[in-house]
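Heads up: the protein sequence lines correspond to chains A and B, in order. Counting the first sequence from 1 gives a position; this note's numbering is that position plus 54. Counting the second sequence from 1 gives a position; this note's numbering is that position plus 573.
Bear in mind the hints are in silico, worked out from the structure with no lab data behind them. Among these hints, one or two may not hold up.
Restraint-style ranges between C-beta atoms, simulated for each label pair [to be verified]:
#1 A:E68 <-> B:Q587: 27 to 33 Å
#2 A:H95 <-> B:I626: 28 to 34 Å
#3 A:H95 <-> B:S647: 32 to 38 Å
Lysine-lysine pairs mimicking BS3-like chemistry, simulated, CA-CA at most 30 Å apart [stated by the list, open to error]:
#4 B:K671 <-> A:K111
#5 B:K627 <-> B:K671
#6 B:K671 <-> A:K124
#7 B:K671 <-> B:K641
#8 A:K65 <-> B:K644
#9 B:K671 <-> B:K578
#10 B:K671 <-> B:K629
#11 A:K111 <-> B:K644
#12 B:K641 <-> B:K627
#13 A:K65 <-> B:K641
#14 B:K610 <-> B:K644
#15 B:K578 <-> B:K629
#16 A:K111 <-> B:K629
#17 A:K111 <-> B:K610
#18 A:K111 <-> A:K124
#19 B:K641 <-> B:K578
Far from chain A, by Cβ distances over 10 Å, these chain B residues were calculated [claimed, not checked]:
#20 I591
#21 N600
#22 K641
#23 S647
#24 F683
Virtual Cβ for every residue (Gly too), placed ideally from N, Cα, C.
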Amino acid sequence: DAGITQSPRYKITETGRQVTLMCHQTWSHSYMFWYRQDLGHGLRLIYYSAAADITDKGEVPDGYVVSRSKTENFPLTLESATRSQTSVYFCASGSGGYSGANVLTFGAGSRLTVL
Amino acid sequence: DQQVKQNSPSLSVQEGRISILNCDYTNSMFDYFLWYKKYPAEGPTFLISISSIKDKNEDGRFTVFLNKSAKHLSLHIVPSQPGDSAVYFCAASAGTDKLIFGTGTRLQVFP
Numbered sequence: 055d056a057g058i059t060q061s062p063r064y065k066i067t068e069t070g071r072q073v074t075l076m077c078h079q080t081w082s083h084s085y086m087f088w089y090r091q092d093l094g095h096g097l098r099l100i101y102y103s104a105a106a107d108i109t110d111k112g113e114v115p116d117g118y119v120v121s122r123s124k125t126e127n128f129p130l131t132l133e134s135a136t137r138s139q140t141s142v143y144f145c146a147s148g149s150g151g152y153s154g155a156n157v158l159t160f161g162a163g164s165r166l167t168v169l
Numbered sequence: 574d575q576q577v578k579q580n581s582p583s584l585s586v587q588e589g590r591i592s593i594l595n596c597d598y599t600n601s602m603f604d605y606f607l608w609y610k611k612y613p614a615e616g617p618t619f620l621i622s623i624s625s626i627k628d629k630n631e632d633g634r635f636t637v638f639l640n641k642s643a644k645h646l647s648l649h650i651v652p653s654q655p656g657d658s659a660v661y662f663c664a665a666s667a668g669t670d671k672l673i674f675g676t677g678t679r680l681q682v683f684p
């Protein structure tokens, strides 16, 4: 299917476990992003990438790791999950750059609960 | 420090009436503003945008107004429909910097 796909859609894990959220897009967009959505905070940028093998930290990167070996994939790993990382995570992609003039397309989200 | 603020967490409007969602920002360097709409269990989708060189942009039932002197933008939905019930995020960017999102406003349109 064309588009941007996130998996898993729902995940429950325990404190201290490693979790990887997958993101796959079929448009060959250069730019990809990971956001988390929390009540009272809106959407906050965790990590972003301008191209394969180029990644950078966003607003709230602590406790997360990303990689981008292929243009279409941008996995997000929580190396040792904490309760504060309970959230809904959104992957997004865009073709033209970082600025708002380049509209982002979002995945459906991954709801993560850390017990 | 929240650079993009949506001070109303929720808004309830009757079908057929106007919905007005507000957004304030603090960074005078912002030059592009967007509204995204989000339904439950889905990702946000782009709704409408405006460049800082304009003060109004219209797309069907949706109009965004920008008041640069007040650092304020608003989204007007006329007429409101039940299908407009969603969370609306405003977002802004400065030059080539990344988007900064507000906290969202939940709109409920009732019959």
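Checked hints:
no. : hint                         : verdict
1   : A:E68 <-> B:Q587: 27 to 33 Å : 46 Å, violated
2   : A:H95 <-> B:I626: 28 to 34 Å : 30 Å, holds
3   : A:H95 <-> B:S647: 32 to 38 Å : 22 Å, violated
4   : B:K671 <-> A:K111            : 11 Å, holds
5   : B:K627 <-> B:K671            : 21 Å, holds
6   : B:K671 <-> A:K124            : 22 Å, holds
7   : B:K671 <-> B:K641            : 20 Å, holds
8   : A:K65 <-> B:K644             : 40 Å, violated
9   : B:K671 <-> B:K578            : 16 Å, holds
10  : B:K671 <-> B:K629            : 23 Å, holds
11  : A:K111 <-> B:K644            : 28 Å, holds
12  : B:K641 <-> B:K627            : 10 Å, holds
13  : A:K65 <-> B:K641             : 43 Å, violated
14  : B:K610 <-> B:K644            : 21 Å, holds
15  : B:K578 <-> B:K629            : 20 Å, holds
16  : A:K111 <-> B:K629            : 34 Å, violated
17  : A:K111 <-> B:K610            : 25 Å, holds
18  : A:K111 <-> A:K124            : 18 Å, holds
19  : B:K641 <-> B:K578            : 15 Å, holds
20  : I591                         : 24 Å, holds
21  : N600                         : 12 Å, holds
22  : K641                         : 15 Å, holds
23  : S647                         : 17 Å, holds
24  : F683                         : 23 Å, holds
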